[in-house]
Amino acid sequence: MIEVKNLIKTFEGRGQVVRAVDDVSTQVAKGEVVVIIGPSGSGKSTFLRCLNGLEEFNDGQVIIDGIDLTESKTNLNAVRREVGMVFQHFNLFPHKTVLENVTLAQRVVRQRKPAEANERAMKLLTKVGIAEKANEYPSRLSGGQQQRVAIARALAMDPKVMLFDEPTSALDPEMVGEVLDVMKQLAREGMTMAVVTHEMGFAREVADRVMFMDAGRILEDAPPARFFTAPKEPRAQAFLKQVL
Amino acid sequence: MILLVLAVGLWFATQRIHYEWRWERVPQYFAYRAEVSQDTPVAGRVSAITPEGRSNRIEITPEGGGQPVTVTVEQAQVKVGDAVAENDTVGVNFQWRVGPLTQGLWVTIWISFVSGFIGLAIGLVTGLCRISKNPTLRGLAIIYIELIRGTPLLVQIFIFYFFIGTVLNLDRIVAGVGALALFVGAYTAEIIRAGIQSIAKGQTEAARSLGMSATQTMIYIVLPQAFKRVLPPLAGQFISLIKDSSLVSVIAITDLTKSGREIITSSFATFEIWFTVALLYLLVTAVLSQLLFWLERRFARSD
Ligand SMILES: Nc1ncnc2c1ncn2[C@@H]1O[C@H](COP(=O)(O)OP(=O)(O)OP(=O)(O)O)[C@@H](O)[C@H]1O
Ligand SMILES: [Mg+2]
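Those sequence lines, one after another, are chains G and A. Per this note's numbering, residue 35 is the first one in the first sequence, and the count goes up by one each step. Per this note's numbering, residue 75 is the first one in the second sequence, and the count goes up by one each step.
The following block holds chain A by itself, in its conformation from the complex (with noise of 0.2 Å):
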């Protein structure tokens, strides 16, 4: 019902403002058939065309007389008599092709896990540094986290690709999945850290106590149970961290906020690009929090 009134009201408001939908433009940014062009390799003429299925065959009888070469193409662009020149386009042949938008969700997806993989690394180590008992170690990671959550991830992208990719020459993927790794890296970290800190003492008591050394017992019997509790805000984390990629679009990484604004400056169909980059969001983070849903439940099995 809701969502009927959401609906007609939006109907309305486009009208009002007279906009018309193109919703029939939106699937070629997915994937469109490619004219492939099929050139003549010899100059001659066109001898004869056979259709053979959905394809022609064109013969083209040489200049100077010899055997006839055969060209097959899908669609046919000369005629029964036409004289050629070598390389001459002589029909197309259609191929499929990725179109900007898979391409810039793509380049969405792997982004986001790349640099959700390392910041899940960095968020670990810097974990058991901000628990550790030296001193030193201690206060880089609170130095760490500190500087990265007091700061706009805008900022730090810039910072990081502007002055820290100049200074080391790095290539500007590089530079967004650095920044975006140490931006999740910092939470992950803080997240870890209450997740080993709630582990009972008397897991870690029980594991000393039968000759397991500091760090038999953190993999063995600390980790994982740290890991099952933190699982559900590791897992906002990096929903969050897929929607916070498409501040990289800034250095011009073509992803696929990027290729949603590149494509509205060539098709006008700015709502409806909008409507299904949005869409695109919507549906990777829900396969992404439906499958750590079922991880979620796979490690329950023991309560």
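Okay, chain G solo, but in the shape it has when bound (with noise of 0.2 Å):
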């Protein structure tokens, strides 16, 4: 579903040039759920905003579904309906009731009738857990309702993969639980995802994978039982005593 050939994705800033993701290759099958763990600033946000296109890498490739980002002729925003991205800031749209949050993008991207595009929204959010918010505006929602919606209308574009960058980092610890729970009902049943978190018990419950990024590169990459009771590498047994 996702293939990831030698990506390589540098920023410059004051002379200097981080190698933000360094040459990463890997793959994510249909229906498998991967988890990217590590420390800040290691890579993670860009490498998974490189995955949707987000952000323009230098070099590599990235094949989403059998299209390739990089080839001149694909159409990114036709491949970004089919991913996708739940934020760790939520980003719903302030000016838009929770309902038009999921229905804007339905009607002005997959074209959908206003009729459909609100049953479809309805559905997702009762899904979710706030059919009752509906018309509300984000602004009066918790953190977790607010994070909640974004799940809703990334699901109501029916993607093929959803990308979450750490989306319970800026919840109220109370709040975590609600969305940790959404997002494991998603992968039982089936979405393929690829998710960077803190949360160490998401990880060890639902990943089929867990991988570990420090400075730019994938150092760790392991089925949950194996790299949370013996990680080879020694910068992943370092972290995960800081974090465990």
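Note that these hints are calculated values from the structure, not bench results. Yeah, the Cβ is synthetic: ideal placement off N, Cα and C, and Gly gets one too. Be a bit skeptical, because a hint or two may be false.
Below, computed lysine-lysine pairings styled on DSSO-like, alpha-carbon distance capped at 30 Å [claimed, not checked]:
(1) Lys-275(A) - Lys-107(G)
(2) Lys-302(A) - Lys-194(G)
(3) Lys-207(A) - Lys-147(G)
(4) Lys-218(G) - Lys-64(G)
(5) Lys-130(G) - Lys-302(A)
(6) Lys-302(A) - Lys-39(G)
(7) Lys-39(G) - Lys-64(G)
(8) Lys-167(G) - Lys-130(G)
(9) Lys-302(A) - Lys-167(G)
(10) Lys-302(A) - Lys-147(G)
(11) Lys-275(G) - Lys-194(G)
(12) Lys-317(A) - Lys-130(G)
(13) Lys-266(G) - Lys-39(G)
(14) Lys-161(G) - Lys-275(A)
(15) Lys-207(A) - Lys-107(G)
(16) Lys-194(G) - Lys-130(G)
(17) Lys-167(G) - Lys-275(A)
(18) Lys-167(G) - Lys-218(G)
(19) Lys-218(G) - Lys-194(G)
(20) Lys-207(A) - Lys-275(A)
(21) Lys-147(G) - Lys-39(G)
(22) Lys-332(A) - Lys-130(G)
(23) Lys-218(G) - Lys-275(A)
(24) Lys-218(G) - Lys-39(G)
FRET-style restraints, in silico, Cβ to Cβ [as the list claims (entries may be wrong)]:
(25) Val-52(G) - Ile-233(A): 45 to 55 Å
(26) Leu-242(A) - Asp-102(G): 44 to 54 Å
(27) Lys-207(A) - Gln-276(G): 37 to 47 Å
(28) Arg-375(A) - Glu-153(G): 18 to 28 Å
(29) Asp-245(A) - Ala-204(G): 54 to 64 Å
(30) Glu-153(G) - Gly-310(A): 41 to 51 Å
Could you use the hints to bring the two separately framed chains together as a complex?
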């Protein structure tokens, strides 16, 4: 479903060149849940953002469901609608109601009729448990509720892949669970997911594979049982000691 | 209290220069009753005048005899038995006419609104060019903005009227509106640019990651939020535009200011007219700012 070959992304700032993603190759199969962990600044977000072309990368290949992002005739917008993304800070549209947040892209991108878009939106809002807030503005919702709306908004496009960038990091502890529950349900339903998170419990329970990133490289890639009990890399061991 | 002191001070000041206030002269410049003369279609003799409500029926028997002709007027200027020639005035009707102040006010309002809307469109386009990736567009936008902001509006109006207006053979109204529109356009562009840039990057990223194109993102996500945010500075800009529009009177457009000047030359009620003109500007700007305030509150619903 996702194929990454020799991906390189550098940032230039104040004369320094930062290799945020440094020659990464990996693949994610259909229905697989991959959790990416690593210290701050290790390039997890940048890697994830390269996967839907939000970040233009310098070299390498990203192939989503058989479509190569780097090929010049590829329509990035067409690829992005197949790849849902959930952000750390929700990024809901504040000038639209919850329902409009979920229907807007269905209407303008998928060209669905309002009735059809509304029906799909209400189904998803019910699924994430906030149908009763459909006509509220996002500012009236708690962080956990906003993040669940953001997930519904991404799902409304019927994506083939979902990317999560620290979806629970900006939440108060008591709201983390409600968002993780939604994500767990998605994983059970067979969604292909790439999740950057610090929630080790989630990784252990849901992930098929855990990747450990440091300094733009994937240093370890293993099933959670192996990764959490016997990490091979010394840097992964040090990181785990810190967070567990 | 302060207002009272000011009023008393003003009264003493005008006493000292022996100014005679003639406020009663002002209303006629808003609207007045004009006399419209009524003529007889035939030559003959007035045979009868019968009052009929507020008007009078004048009957004129034609010279050669025949059916009497009737003319209805509000005020008769002939008596029974008078001889009248064809097209002689036999009386007058009264009609309400708008005075020069009202006309000037109207010109000021519509010139401001038309140039304001054109300016908004120019500002939107220029603002978008200003942040575009294309260096040519960006450069042109910067040059335009700097040219306009670096020169006085009065000079721009003169250049627009005497140079561009002459070359392109423009009407003075078009030249005036054009100069004002270009002027607000430059300021609006900067306001809109700042507004767009103030919208968090995450909004664009969220929209793009849903598959929306750059244009769709601009239209549905960024501009509506930016517009809400720039409404207060835009309102300020349009209120100054109404005041700045008084400068077009220099190219002989009869706006509120020019009307005021013209009335003064004939009425000598200098102080009264200028106070009235100021009050009218104040009225328009106050109504506009109330309107925009209301709009702002409506937009604030989602906060
Ligand atoms: N827009 C940018 N311009 C310049 N450098 C950037 C930019 N975005 C990220 N970087 C740099 O790239 C590196 C990787 O950043 P990234 O945000 O991907 O890390 P991360 O693993 O997501 O960290 P965190 O856990 O703090 O979110 C960092 O050194 C960061 O400073
Ligand atoms: Mg990050």
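Going down the list of hints, with the structure as the test:
1. Of the supplied pair hints, the one linking Lys-275(A) and Lys-107(G) holds, its CA atoms being roughly 26 Å apart against a limit of 30 Å.
2. Restraint check for Lys-302(A) and Lys-194(G): not satisfied, since their Cα atoms lie roughly 35 Å apart, outside the 30 Å limit.
3. Distance hint between Lys-207(A) and Lys-147(G) is unfulfilled; the C-alpha atoms sit about 34 Å from each other, more than 30 Å.
4. In summary, the hint linking Lys-218(G) to Lys-64(G) is supported, as the alpha carbons are separated by about 16 Å, within the 30 Å threshold.
5. The hinted pair formed by Lys-130(G) and Lys-302(A) meets the criterion: a straight-line CA distance of about 13 Å does not exceed 30 Å.
6. Note on Lys-302(A) and Lys-39(G): the hinted pairing is violated, with a Cα-Cα distance of about 44 Å set against a maximum of 30 Å.
7. For a cut-off of 30 Å, the pair hint linking Lys-39(G) to Lys-64(G) stands: about 17 Å separates their Cα positions.
8. The hinted pair formed by Lys-167(G) and Lys-130(G) meets the criterion: a straight-line CA distance of about 13 Å does not exceed 30 Å.
9. Taken as a hint, the Lys-302(A) and Lys-167(G) pair is honoured in the structure, with Cα atoms around 24 Å apart against an allowance of 30 Å.
10. For the hint pairing Lys-302(A) with Lys-147(G), the CA-to-CA distance comes to about 28 Å; that is within 30 Å, so the pair holds.
11. Between the alpha carbons of Lys-275(G) and Lys-194(G) the distance comes to roughly 35 Å, so the proposed pair goes past 30 Å and is violated.
12. Proposed proximity of Lys-317(A) and Lys-130(G) is contradicted: the alpha carbons are some 36 Å apart, above 30 Å.
13. For the suggested pair Lys-266(G) and Lys-39(G), the alpha carbons sit about 23 Å apart, so the restraint of at most 30 Å is met.
14. A C-alpha spacing of about 29 Å is found between Lys-161(G) and Lys-275(A), which places the hinted pair at or below 30 Å, so the restraint holds.
15. Between Lys-207(A) and Lys-107(G), the direct Cα distance comes to roughly 21 Å. Compliance with the 30 Å bound is thereby established for this hinted pair.
16. Restraint check for Lys-194(G) and Lys-130(G): satisfied, since their Cα atoms lie roughly 26 Å apart, inside the 30 Å limit.
17. Taking the CA atoms of Lys-167(G) and Lys-275(A), the gap is about 26 Å. The hint holds against a cut of 30 Å.
18. At roughly 22 Å between alpha-carbon atoms, Lys-167(G) and Lys-218(G) fall within 30 Å of each other, so this suggested pair holds.
19. Between the alpha carbons of Lys-218(G) and Lys-194(G) the distance comes to roughly 16 Å, so the proposed pair stays at or under 30 Å and holds.
20. Between Lys-207(A) and Lys-275(A) the CA atoms are separated by roughly 16 Å; this keeps the pair inside 30 Å, and the hint holds.
21. The hinted pair formed by Lys-147(G) and Lys-39(G) fails the criterion: a straight-line CA distance of about 39 Å is larger than 30 Å.
22. Of the supplied pair hints, the one linking Lys-332(A) and Lys-130(G) is violated, its CA atoms being roughly 47 Å apart against a limit of 30 Å.
23. Taken as a hint, the Lys-218(G) and Lys-275(A) pair is honoured in the structure, with Cα atoms around 29 Å apart against an allowance of 30 Å.
24. At roughly 28 Å between alpha-carbon atoms, Lys-218(G) and Lys-39(G) fall within 30 Å of each other, so this suggested pair holds.
25. Between Val-52(G) and Ile-233(A) the beta carbon distance is about 51 Å. The supplied range of 45 to 55 Å therefore holds.
26. For the pair Leu-242(A) and Asp-102(G), the beta carbons lie near 53 Å from each other, so the given range of 44 to 54 Å is met.
27. For the pair Lys-207(A) and Gln-276(G), the beta carbons lie near 42 Å from each other, so the given range of 37 to 47 Å is met.
28. Between Arg-375(A) and Glu-153(G) the Cβ separation comes to about 25 Å, which falls inside the hinted range of 18 to 28 Å.
29. Distance hint check: the CB atoms of Asp-245(A) and Ala-204(G) are about 59 Å apart, consistent with the given range 54 to 64 Å.
30. For the pair Glu-153(G) and Gly-310(A), the beta carbons lie near 45 Å from each other, so the given range of 41 to 51 Å is met.
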